[in-house]
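Undergrad: Take these sequences, add in the hints, and give me the full structure.
Quick note, the sequences are listed as chains A and B, same order.
Each residue of the first sequence is one higher than the last, beginning at 46 in my numbering.
Each residue of the second sequence is one higher than the last, beginning at 46 in my numbering.
A hint or two may mislead.
The list treats identical chains as interchangeable, and a pair is accepted whether it falls inside one copy or across any two copies.
Heads up, simulated SDA-like pairs for lysine to any residue below, C-alpha to C-alpha not over 20 Å straight-line [to be verified]:
1. Lys-162 with Glu-181
2. Lys-345 with Arg-64
3. Lys-345 with Thr-208
Just so you know, the hints here were simulated from the structure itself, not pulled from any lab data.
For reference, the chains in residue letters:
Number of protein chains: 2
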Amino acid sequence: MVVTDPIFVRACRREPVDRTPVWFMRQAGRYLEEYQDLRRRYSMLELCRTPELAAEVTLQPLRRFPLDAAIIFADILLPLPPMGVPFHFSPGEGPCIDTPVRSEEQIRRLRVFDPEKELDYVLEALRLVRRRLEPEIALIGFAGAPFTLAGYMIEGGHSRHFTATRRMMYETPRSWHYLMSVVAEVTSAYLAAQVQAGAQVVQLFDSWVGVLDPQDYVEFVQPYSQRVLDSLENLGILRIHFATGTAGMLEAFRDAGGDVIGVDWRIPLGEAWRRIGYDRAIQGNLDPVALTAPLPVLRKKVRWVLQQADGRPGHIFNLGHGILPTTPPENVAAVVEWVHDGCAGADERKR
Amino acid sequence: MVVTDPIFVRACRREPVDRTPVWFMRQAGRYLEEYQDLRRRYSMLELCRTPELAAEVTLQPLRRFPLDAAIIFADILLPLPPMGVPFHFSPGEGPCIDTPVRSEEQIRRLRVFDPEKELDYVLEALRLVRRRLEPEIALIGFAGAPFTLAGYMIEGGHSRHFTATRRMMYETPRSWHYLMSVVAEVTSAYLAAQVQAGAQVVQLFDSWVGVLDPQDYVEFVQPYSQRVLDSLENLGILRIHFATGTAGMLEAFRDAGGDVIGVDWRIPLGEAWRRIGYDRAIQGNLDPVALTAPLPVLRKKVRWVLQQADGRPGHIFNLGHGILPTTPPENVAAVVEWVHDGCAGADERKR
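TA: Pasting the structure below:
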């Protein structure tokens, strides 16, 4: 018997496949009742740190929808405590870093750690999921990109303008560059370990980097994302590089690396792909709010994304950012079906 | 004596001028002590509704910095109460609409009003400022664009995803289109009245429209912004059309109209201008956070923006969004000086 890679993996390599693969950022999450049931019994961090529970949450959406990939349930901040930066979730506020990292002294104390030891629970969850998942479904590992992780460490939580982060870039650039090196090293090792544990593709989330001007991105961020992505490429690992708000700096973002570039909904996917270049695969880019719309509107939107991709090999259907908690699960089901059958109206697409 | 228009006005028309004109969105605001002094004695709405005070606040930054334009001090929500939609400011939360507008019935009750009667205090403030302002300084009037105003009316205040607004677009498009027609009519009349009262240029702020995908922008928003901008063009009024987050739909945004297109910092200004076309003037696009940076960093950033504009007639220097309250006034002074002397290092620029 010839074992072929999952459709999702082949699409990441831009091989022609029978149907467009589809998954959703935050597909395991609050819009699902079965997830909410678990969250009533366990905290976010308990779910992340108990491999059985993390595996269960990862698999929940796969039981409902014929998705092409599972993404391991974890939080992008999990590498912080082993670096020496503890955090907790405060209700309604999201993550809260106990002591934001702002001084040179704090930065010099950061630890580069062994993910096999200190994030073993994530790796164990990956192994459990891989064993339980049909072979034709891909498993995605992920991590926050250096800017996004450093931003949380410095701001202490969510931020609108990332002013403290920017202050460090501008006022103490050596501290900034050292911090980014450490985070890049940790992230590279963590993602490589996830692949060892069974992930077939990894996604680097630089969710908030779109707040920067393109010049700052190139000077302060790109080299570190590139360092992570290059180190994975050397190991032969398939990489999705995702951020939002990159329409004004797509080329620089692409230049940091990634086999697949993830784009948000605020640019037509066809235009984004043309600028990125057809030597990369592309992931996106339905508006998460559109996923909550009445089905006829939603269908028009899905068709538009598929038309924009023009049937070119290397399109992975996804949202432009995470699923909103108010999303009706039946809308998710409908989108998976439409994407798989080519939307039966995106007829103009070339195959 | 030959009376010439202010440099700022000539730059809006893309006439060659001796130096790049500069002003700052929210140049009258919380980063100035003299503004904070007034705010300790008067509420935001008292300042807006008392022509003497609004004129004073408008003129405060002009006393400190040799700016090329004053922008009338007002709030974009002032047209809401005369339409029948009262609001207040709640401390720390920003504007709060007493009863968000969500039903067909509420929308049908909206009033188109006469700005000469119901927003006379803004017009009187414009007249006071124009009398007190040096003739070489331009006076800018402004209003919120239909999407931004409708978004506040529907959401009831600031919003991250504009989900209620989007629900109306998708679920009751007729209500949406009617609401946008009413807001467009009110906005056109209000801006025309501001010009009658002494404004030489008007800016249409569509601050939050960058949350939309380009297809929704074209279907649900562009026709109404265009209606406002066209009505002003017919009166010979110079128009700045501004939004943030438009890098993925600049062409559609430009097509709605405007003599000057305002862009945010998340795209190189040169790239934005090339895409918009050199038959429009451009305004922008320093990152507001960069305006808080140490002077050597700030100077590099200012020089970059000037280099991107390449000395082409029709560049108005500004931020990519409003001044942050933490901005040191001496940084503002430095930027005005650098822009006026061509940054004495942006030597590569062609003139």
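Undergrad: Can you give the numbers of the hints that this structure goes against, from lowest to highest?
TA: 1
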